[in-house]
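Could you build all of it, start to finish, from the sequences and the hints given here?
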Amino acid sequence: SLVLSFHGMMAQPQNAPFFGAAPAEAGRTIFVFPEGTNDVKMPSGEHIRSWNGSGSVGSPGPAGPTCDKHKVVGHCAESCKIDGGCPDVCWLTTCADDVSFI
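Residues 591 to 692, numbered by the working numbering, are exactly what the sequence shown covers, in order.
These are calculated hints, taken from the structure and not from any lab test.
Taking CB as the label site, the calculated pair distances span: (1) H660 - E636: 19 to 29 Å; (2) A611 - K661: 26 to 36 Å; (3) P652 - G610: 39 to 49 Å; (4) D687 - H637: 17 to 27 Å; (5) M600 - D687: 13 to 23 Å; (6) F691 - G654: 27 to 37 Å; (7) R618 - V662: 40 to 50 Å; (8) G654 - R618: 44 to 54 Å; (9) V662 - N605: 17 to 27 Å; (10) P652 - R618: 39 to 49 Å; (11) G674 - T619: 40 to 50 Å.
Distance condition first, Cα-Cα at most 30 Å in a straight line; then the derived DSS-like pairs of lysine-lysine: (12) K659 - K671; (13) K671 - K661; (14) K661 - K631.
Every residue gets a Cβ at the ideal spot worked out from N, C-alpha and C, and that includes glycine.
Quick look at the structure:
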């Protein structure tokens, strides 16, 4: 078996579910903890890791923004800027092709 365990936004692989506590089935299960792209620059200048989450890079959607624009601090990932920018502040994660990466 192969288990892919992804960390959340602003986290590291060691923050992913099962990291350091994978079931001890030696030789039967492989756990993989990939690391998200580090191209989201926060207003503070800090770079954070994220994954290309479809809802967080597809705004506005058919019904408008995919987030509450009054509760989000806008930041556009470097990979999104290369592709033409972020149409609104709801683009919260990388635009890197994470499906191809995995």
